[in-house]
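A.B. asks: Next come the chains, spelled out residue by residue.
There are 2 protein chains.
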Amino acid sequence: MVDFSASVKAMRSSAIRELLNTAVRPDIISFAGGMPNPSLFPIDEVDEIYRSLTVEQKQTGFQYGPTGGYPPLVEAIKAYLQKKGLPLEGNEVIITTGSLQAINIMSKIFIDPGDTVICEDPSFTGAVTVFLSYQANLVGVPLDADGMILDDFDRILDKTQKVKFVYITPNFHNPAGIIYSRERRLALLQRLQAKDLVLLEDDPYNELYFDPADCAVTTPLKTLGKEQTPICYTGSLSKIFGPGMRIGYLLAPKEIINKAELAKQSMDACTSTFTQVLACEFFRQGKLEPYLNRLRQAYKHRADIMLAALQQHMPADVRWNTPKGGFYVWVEMPEHIDANQVLKTSLAKGAIFVVGKAFDPLGQRNHFIRLSFSHMPEAKISRGVEIVAQAIGETL
Amino acid sequence: MVDFSASVKAMRSSAIRELLNTAVRPDIISFAGGMPNPSLFPIDEVDEIYRSLTVEQKQTGFQYGPTGGYPPLVEAIKAYLQKKGLPLEGNEVIITTGSLQAINIMSKIFIDPGDTVICEDPSFTGAVTVFLSYQANLVGVPLDADGMILDDFDRILDKTQKVKFVYITPNFHNPAGIIYSRERRLALLQRLQAKDLVLLEDDPYNELYFDPADCAVTTPLKTLGKEQTPICYTGSLSKIFGPGMRIGYLLAPKEIINKAELAKQSMDACTSTFTQVLACEFFRQGKLEPYLNRLRQAYKHRADIMLAALQQHMPADVRWNTPKGGFYVWVEMPEHIDANQVLKTSLAKGAIFVVGKAFDPLGQRNHFIRLSFSHMPEAKISRGVEIVAQAIGETL
Chain A
1 MVDFSASVKA MRSSAIRELL NTAVRPDIIS FAGGMPNPSL FPIDEVDEIY
51 RSLTVEQKQT GFQYGPTGGY PPLVEAIKAY LQKKGLPLEG NEVIITTGSL
101 QAINIMSKIF IDPGDTVICE DPSFTGAVTV FLSYQANLVG VPLDADGMIL
151 DDFDRILDKT QKVKFVYITP NFHNPAGIIY SRERRLALLQ RLQAKDLVLL
201 EDDPYNELYF DPADCAVTTP LKTLGKEQTP ICYTGSLSKI FGPGMRIGYL
251 LAPKEIINKA ELAKQSMDAC TSTFTQVLAC EFFRQGKLEP YLNRLRQAYK
301 HRADIMLAAL QQHMPADVRW NTPKGGFYVW VEMPEHIDAN QVLKTSLAKG
351 AIFVVGKAFD PLGQRNHFIR LSFSHMPEAK ISRGVEIVAQ AIGETL
Chain B
1001 MVDFSASVKA MRSSAIRELL NTAVRPDIIS FAGGMPNPSL FPIDEVDEIY
1051 RSLTVEQKQT GFQYGPTGGY PPLVEAIKAY LQKKGLPLEG NEVIITTGSL
1101 QAINIMSKIF IDPGDTVICE DPSFTGAVTV FLSYQANLVG VPLDADGMIL
1151 DDFDRILDKT QKVKFVYITP NFHNPAGIIY SRERRLALLQ RLQAKDLVLL
1201 EDDPYNELYF DPADCAVTTP LKTLGKEQTP ICYTGSLSKI FGPGMRIGYL
1251 LAPKEIINKA ELAKQSMDAC TSTFTQVLAC EFFRQGKLEP YLNRLRQAYK
1301 HRADIMLAAL QQHMPADVRW NTPKGGFYVW VEMPEHIDAN QVLKTSLAKG
1351 AIFVVGKAFD PLGQRNHFIR LSFSHMPEAK ISRGVEIVAQ AIGETL
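Note that the protein sequences, when read in sequence, are chains A and B. The working numbering applies: residue 1 is where the first sequence begins, and numbers increase by one. The working numbering applies: residue 1001 is where the second sequence begins, and numbers increase by one.
FYI, nobody ran anything at the bench for these hints, they're computed from the structure. Be aware that a few hints might be false.
Unchecked claim - No farther apart than 20 Å at their CA atoms in a straight line, the calculated lysine to aspartate or glutamate pairs in the EDC-like style are these:
no., chain 1, residue 1, chain 2, residue 2
1, A, K300, A, D214
2, B, K1254, A, E289
3, B, K1009, A, D115
4, B, K1009, A, E386
5, A, K159, B, D1003
6, A, K9, B, D1115
7, B, K1195, A, D3
8, A, K162, B, D1003
9, B, K1009, A, E255
10, A, K9, B, E1255
11, A, K195, B, D1112
12, B, K1162, A, D3
13, A, K9, B, D1112
14, A, K380, A, D27
15, B, K1159, A, D3
As the list claims (entries may be wrong) - Here are some chain B residues the structure puts well away from chain A; computed CB gaps all over 10 Å:
no., residue
16, E1056
17, A1079
18, P1087
19, D1115
20, D1146
21, L1150
22, A1187
23, R1191
24, A1216
25, Q1285
26, P1334
To be verified - Quick partial rundown of chain B residues pointing at chain A, CB under 8 Å, derived from the structure:
no., residue
27, Y1080
28, T1223
29, L1224
30, T1275
Beta carbons are placed, not taken as given, at the ideal position from N, Cα and C, and that holds for glycine.
Chain A on its own, in the form it takes in the complex (with noise of 0.2 Å):
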């Protein structure tokens, strides 16, 4: 009767969203979800800047707006990237509904099926679930401290045709929790453009570092490549201002912008006016820095936290990460165990996170779980990663 289409067979649901629509049990710790816990929002600023809004803004948070974006605040994301280096000429900047949609619109725009996507493994499963909705032929290549093995890569792009772009987080990897040190951003970006190959840079955790220090580390590639390599960087105000927002941005080439705006046309005409007006005004009104600091010291915080709970409940041969930014613990078991089980024992005793498969490309190897310490409250941090713990030992 009804007969849809090839991509509907493809498409894999996100596991994290599907977490997300189930559990729903308010006793249940949650480690799943990479969202800000609700305390965190800047509520009382969106307040002031909605007490200040003109008749006029409002009405143009009401209205149709250019399907690029609401000018002032693609000017004020411009303004924003120029001052953390990216560079501006030759390229154009795009509001997206989410940085989700920005990854959505490099697919539609690049991906006919069976071409190939180069990503990350383990990679944001959110792309995942993308590529995989435009039938792509996703490769995904080992990640090590450092980033990407580039002798993989390598090996990878030998044997691979129709490779359309590559795909990187390599800032507070969501989940593996690493940077890209400076030399293998280097390595790659040279392998890029000695095959001239498009980079789809996602960068979402950028703001996120714990230390100051750890600021000029999260370099973009797009700010240290050169200017003829076609590097699309995408970023979200998600996790700096809320997602509930639903506003990203992609900055590309114009030739690439061009097309990229006329797939959103046919895909929501417009982001949110109304919404992009409130962020707008939270750039315009320097209301980002403090909040960005607030942030940082509250994120470093429940990373603390987490981390410590971590050394004090883990069996033995459990590994992780020490995260310098971002949402995520990535946490290695022994290979022989199977991250479903232990997600079933820890959802029983009160606690839930994503198994590691959900990030792996192939949907395969599941001997990781991620934790996210972003969205608890702090004081349960502590007891929910005792239950995980709990339930490794208990399935080793």
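Chain A is fixed; fit chain B onto it per the hints.
C.D. replies: For chain B alone, coordinates are given in the frame of chain A:
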């Protein structure tokens, strides 16, 4: 160097959004965009709503929400649809980022390149650009004053393979301004049921009748259809709250909504929770009905001004419909006239509109123009029509 997808080559820019993006000269009288005049937005109501929000509601608005929509808004929309007679049993509602996203989702889950979509001729240009971006084979069925001409529908259906769905906008058609008669609705439904065809019913102007007596003639096909017919009904808050909120919805059989939710997961994760919280309170606090009464009077008044001006200024061999609601007057010129030429002349004199071929699925026939009376200040409508009439006169 940059190797775009086949989909990009099939994309057609929306003529309207191009106009909106470029024609920003403030002295131009624009009948182009299907957007409300800024003075008509419910700003006082939303100010009241914002002041009434609890901290918890604001926190929810800042956060990610379920892909299917903010649950209280989903419930409010369901109650609203049920009150209008739409069937909920066996169906489910998903909130979308404008109804354009609902059309995009339907395309994503149904259309493989080369599959057929049967639409109206003329048809909503936004939907046409979506279907083309999925490389659909688009076949238009001519309209008369009562809806799709059924002989043409039958003929097209007979000779067309792989029809994935039929797309119609039965009420206050954009651009044709017609309402499907009850007989035509029932006859079309019978044909859909006989062939087990999926219907995408797009109904954004349903509430915008000028005369309360016309409320009954806008009864959706979804309401008239048997339970078994897979009718997917999409509506929008763009015309009855504000397009900048980017909130639409899709009411469809559960099997289809399940796939739609999967597709939306990878498009933007969720629609802005912030604007969904505001919209939900707009329904819950009983602000919709009084606002609709105000809107209906305002649009009737604008339509009256435009119709009087058309009567006064248009050359003798130009025809137009008398709309009973919605935003548009569809103006037919003699067949040898090229609307682009008229637009060029009219733009030089200071008034713009959308040319007919933007609404032709094949992008050809061009002796119609669409005038929207919703956007301009009332005082400018007469003068704008006079300019357009002069431009036509000079082209004849």
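A.B. asks: Now, for every hint given, state plainly whether the structure supports it.
C.D. replies: Going down the list of hints, with the structure as the test:
For the hint linking K300 (chain A) to D214 (chain A), the alpha-carbon distance of about 13 Å falls within 20 Å, and the restraint holds. A distance of roughly 45 Å separates the Cα atoms of K1254 (chain B) and E289 (chain A); the hinted pair therefore is violated under the 20 Å criterion. For the proposed pair K1009 (chain B) and D115 (chain A), the alpha carbon gap of about 16 Å is at most 20 Å, so the pair holds. Note on K1009 (chain B) and E386 (chain A): the hinted pairing is violated, with a Cα-Cα distance of about 54 Å set against a maximum of 20 Å.
For the hint linking K159 (chain A) to D1003 (chain B), the alpha-carbon distance of about 19 Å falls within 20 Å, and the restraint holds. Pair hint K9 (chain A) plus D1115 (chain B) holds up; C-alpha atoms about 16 Å apart against a cutoff of 20 Å. Distance hint between K1195 (chain B) and D3 (chain A) is fulfilled; the C-alpha atoms sit about 13 Å from each other, no more than 20 Å. Restraint check: the Cα-Cα separation between K162 (chain A) and D1003 (chain B) comes to about 9 Å, which is no more than 20 Å; the hinted pair holds.
A threshold of 20 Å between alpha carbons decides the hint, and for K1009 (chain B) with E255 (chain A) the separation of about 14 Å falls inside it, so the pair holds. Proximity of K9 (chain A) to E1255 (chain B) is assessed by CA-CA distance (about 14 Å); at most 20 Å being required, the pair is judged to hold. Using a Cα cut-off of 20 Å, the hinted pair K195 (chain A) and D1112 (chain B) is violated, with the two alpha carbons roughly 31 Å apart. For the hint linking K1162 (chain B) to D3 (chain A), the alpha-carbon distance of about 9 Å falls within 20 Å, and the restraint holds.
Taken as a hint, the K9 (chain A) and D1112 (chain B) pair is honoured in the structure, with Cα atoms around 12 Å apart against an allowance of 20 Å. In summary, the hint linking K380 (chain A) to D27 (chain A) is supported, as the alpha carbons are separated by about 10 Å, within the 20 Å threshold. A C-alpha spacing of about 19 Å is found between K1159 (chain B) and D3 (chain A), which places the hinted pair at or below 20 Å, so the restraint holds. In this structure E1056 (chain B) is not separated from chain A by more than 10 Å, as the shortest Cβ-Cβ distance comes to only about 8 Å.
Against chain A, the non-interface label of A1079 (chain B) holds: every CB pair exceeds 10 Å, the least being about 22 Å. Against chain A, the non-interface label of P1087 (chain B) holds: every CB pair exceeds 10 Å, the least being about 17 Å. A beta-carbon of chain A comes within 10 Å of the beta-carbon of D1115 (chain B); the shortest separation is about 8 Å. Residue-level check passed: D1146 (chain B) sits 29 Å from the nearest beta carbon of chain A, beyond 10 Å.
Every CB of chain A lies more than 10 Å from the CB of L1150 (chain B), the least distance being 23 Å, so the non-interface label holds. No Cβ of chain A comes within 10 Å of the Cβ of A1187 (chain B); the nearest lies about 22 Å off, and the non-interface call holds. Taking the minimum C-beta to C-beta distance to chain A, about 16 Å, the non-interface status of R1191 (chain B) holds against the 10 Å cut. With a closest Cβ-Cβ approach of about 30 Å to chain A, A1216 (chain B) is found to remain outside the 10 Å limit, as its non-interface label requires.
Residue-level check passed: Q1285 (chain B) sits 17 Å from the nearest beta carbon of chain A, beyond 10 Å. At roughly 32 Å, the least C-beta separation between P1334 (chain B) and chain A is larger than 10 Å, which holds for a residue marked as non-interface. Below 8 Å, beta-carbon pairs count as interface contacts, and Y1080 (chain B) has none with chain A, the closest being about 20 Å; its hint is therefore violated. Hint on T1223 (chain B) is violated. Least Cβ distance to chain A is approximately 20 Å, over the 8 Å limit.
Interface hint status for L1224 (chain B): violated, as the beta-carbon distance to the closest one in chain A is roughly 20 Å, over 8 Å. Using the Cβ-Cβ criterion of 8 Å, the hint placing T1275 (chain B) at the interface with chain A is satisfied: the shortest such distance is roughly 5 Å.
The earlier numbered hints that this structure contradicts are 2, 4, 11, 16, 19, 27, 28, 29.
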